[in-house]
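Visitor: Here the structure of chain A is known, so what remains is to put chain B in place on it, guided by the hints.
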Amino acid sequence: MRQHSSSWAALAWVLAVLIPLAIQNPYYIHLVETIMIYSILLFGLDIVVGYTGQVSLGHAGLFGIGAYTAGVMFMKLSASVWLVLPCSIAVTALFGAILALPALRVSGPYLAMVTLAFGTIVQILINEMTFLTEGPLGIKISKPVMFGDKLTEREFYWVVCVMLGLALIFVHRLLRSHLGRAFEALKGSPVASDCMGVSVYRYKVYAFVISAGLAGLAGSLYAYSEQYISPNTYNFELTVLFLLAIIMGGRKTRSGAIIGATIIVMLPKLLDDIELFRWVATTAAVVIAAGAAVGLQKQWTHPKAVVIPVVGTLALAVFSYQLQNMTDWRLSIFGLMILFVVYYLQDGIVGFLSKLSPQGEVKMDSSATKIATQAAELSPGSHALGGEDHLSTSRSSNPVILNAQSVLMQFGGLKAINNVDLVIKRGEIHGLIGPNGSGKSTMMNVLTGIYQPTDGQIEFNAKTLVGRASSDIALSGIARTFQNVQLFGEMTVLQNVLVGLHHTFESPLWNVALHTPSYLREESEANTRAHALLEFVGLDSLALELAHNLPYGKQRLLEIARALALSPELLLLDEPAAGLTAPDIKELITYIRKIRDSGVTVILIEHHMDVVMGICDTVSVLDFGQKIAEGKPAEVQANEKVITAYLGGSTITA
Amino acid sequence: MEILLQLIYSGIALGMIYAVIAFGYQLTFATSDTLNFGQGEALMLGALVGLSLVDTGGMNYWLAIPVVGAFGLIQGALVERVGVRPAIKLKSEFGWIMSTIALGIIFKNVAENIWGRDDLRFPSPLDESPIKLFGANVLPMELLVIGGALLMMLLIEFFNRKTIFGKAVVATFNDREAARLMGINTSLVITFSYALSSMTAAFAGILVAPLTLTGATMGSVLGLKAFAVAIIGGLTSGLGIVVGGILLGVAETTTGFYISTGYKDVPGLVLLLLVLAVRPAGLFGKSAIKKV
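Protein sequences, first through last, are from chains A and B. Number 947 marks the last residue of the first sequence (the working numbering); no jumps. Number 318 marks the last residue of the second sequence (the working numbering); no jumps.
One chain only, chain A, in its complex shape:
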């Protein structure tokens, strides 16, 4: 499928390159050029919207910054295009960083409003800073000079083609790399990303800055393409159009971005031509009505669901015959299209088409399969637990791996953990039990930095954990699973484990873009290790399945594999046996023992007493946030306080 789609992309690109040879009319060439420039921007916007799941309303502003960087450099410095393009990318990326650093601390509606505010500021500044930008007058630019010659319209078209091709390869490689996986992971489960050492904040900023860089490239090309720029182009309307393009074309696909770009470039032209619009509106109404009729007959859908789109498109068709002039109603049409896409075409046109065609369902990835078979040829499980090298080097002589002293975690007036001491010895399985609400999971969250303790000391390998970020703690060697499973649902089983292996990648962005040997080696090593880990928990045959399609028990095992990918020294398992069948639990016990035997210290929260008593070396018991007992499993089992806590006071006297 991958080779397939890349060869399709290459073919489409060659066709685009040939267009100016077939069509002489400069108007059409310019139109296709604009589509390609918008596509570059949309590739970038898709990283933010599609992959990291953030809403940016600031991309028109970034586009404007790119265009004005080019314009100002041309006007004031007569700079060469070889300098202008990299500078536009760098300047816009810098502005992207200035916006992202404060804005990405928040998400959702906050982020949308903040980016909108940013876009508005950019427009105001372009308008007001006349000494630099000529304000509302705009800037005239001529086509760039390359190799001593000023480019013609047609030659510049080819420059844009090359840039589109490069952007496509760059984005494609980026999104398939560990960076792309980090972007998807932080959308899938922010908490789990942080606990896998992938700092949500840092990678959100990273994604936004890359996206801004692409917007800058698109902006500077746009300036050369139009040969005139003025502030009013980069307004709210354009930013909304970009978002419409992304969601209508289809998120997380490059073809979707190109389709979206085509729609937003062609649509205004379409609306200028009322005859054409009437024809399209009528066709759309007929198609939707027919689709609804077929859908109802085959019972794919029910009448209530189809009534709004059918009535809506019919009304639009009737409306189009009432009007003499469509241009004034352009924005309303955009608005209606957004509503339609948001509610009826959530996966965009590409998503809709791939749902229709049967092979679209199968998300087979031939390169991954190839690696899978390679991995299978290797001796199974040899590197499953991260290789002894890691453990032997990091193992220090200190017998205490984790030392928590008088930890207090207070939520308002509630002391969820009240002065608890917890000492974990290296190489043991330490059980943490207690009735529901006794503070076990809170303890886990404190240890992994999700909560900052109100008071107390926590030392891991003699270094304090208090005040450190989750991702930092994870990288220092503490991995965990979650009571309510936190997988990256829309990623494959293999990719989930690869996110855990994120720390093994050292390649910077340019290595990823250029596919340097060192990056490729890292990728293949990570793949091998991920397969070995999956094999260890018996999930290797499901490597290419989406994580949310796994049954619950297997999801829990996948979480363990993902946690092991961090090569932790300390593994926190939060109720790993919950929801597992009896034979599965037996298997789980052997896994936990194997993990311990490979040198990883384990803290186990569990309600299945047979599991706890069977494998733990030491058990601590919490009740109402306080530690009421600690010792060998048998001692704890006989402790009266523990029995009271679990069974209530009256039974003990009976």
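Please keep in mind that the hints were generated in silico from the structure rather than gathered at the bench. A quick note: this is a predicted structure, and the numbers were derived from the prediction, not measured. Do not take every clue at face value.
20 Å max Cα-Cα, derived SDA-like pairs, lysine to any residue [unchecked claim]:
| # | chain 1 | residue 1 | chain 2 | residue 2 |
| --- | --- | --- | --- | --- |
| 1 | A | K562 | A | H323 |
| 2 | B | K117 | A | A598 |
| 3 | A | K562 | B | L79 |
Covered by chain B, per the in silico footprint, the following chain A stretches (three or more residues, Cβ under 8 Å) [said to hold, decoys possible]:
| # | region |
| --- | --- |
| 4 | 391 to 399 |
| 5 | 560 to 566 |
| 6 | 876 to 883 |
Which residues of chain A face chain B? A partial, calculated answer using Cβ under 8 Å [as the list claims (entries may be wrong)]:
| # | residue |
| --- | --- |
| 7 | I414 |
| 8 | N420 |
| 9 | S625 |
| 10 | F627 |
Note that CB positions come from ideal geometry on N, CA and C, so glycine has one too.
Guide: Leaving out everything else, chain B in the frame of chain A:
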């Protein structure tokens, strides 16, 4: 000094308008964790409908206010039904953000086609000659804006705290699921909060219209800056938005006078970026504890 005081007066009046719009954001955020990105357009529609009633319909300004309020109620309920409810059902944050933006664009475009693209003058219901207050001029209309905005917010606060329906709103805010299980029709509460929110915006529109020019584009930036106020004040603090609104209003009128009117929107937007960088929960809001 006199000029500064005068700028502060008009800054306070402007700030109260921001506070009322921000109050509208709080109302819907309280019940459903969603906001109407077309809040500024609700204000614009209120002002323009008011203009038609007063100018074309020959209606008395004071009588037009409740009619505009009723119009706002209907408009807000419509936004909720079309734009927000389906998205809440789909649990799609992206969905309601985009659909309220889309509805805002549609409202703006429709207004452009009905009332034209030019800014119109709204006849002032009060005497337009300024009165002296502590040595500086203030327009009677500015005093009306301040008083009207405060009254509006107090009335809704009173409603929420004292009436049984208001208690349902508060319960929905505290825990939507639990409120629903207690027999509260939470989706009706959410619709109602949108209706109220648009009503306050429409009311703000007809209040501010005589002070500024009225037109289809008047709402967008107002809505955005009111969001800055809502953030500065915290999305849960009533006092916060009044203080935040006044801060921003004064910052704006002084910037407009001492630097350039072109830059007058900048301080609010920069403030928005800064507050989020320093205290994402706002200066007055409480930060929520994330649960795992």
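Visitor: Now, for every hint given, state plainly whether the structure supports it.
Guide: Checked hints:
1. A:K562 - A:H323: Cα-Cα ~13 Å, so holds.
2. B:K117 - A:A598: 17 Å, holds
3. A:K562 - B:L79: 37 Å, violated
4. 391 to 399: Three-residue rule met by the region 391 to 399 of chain A, so holds; n is 6.
5. 560 to 566: violated (count 0)
6. 876 to 883: Three-residue rule not met by the region 876 to 883 of chain A, so violated; n is 0.
7. I414: Given a least distance of 5 Å, the restraint on I414 of chain A holds.
8. N420: Nearest chain B Cβ about 7 Å off; hint holds.
9. S625: 4 Å, holds
10. F627: 6 Å, holds
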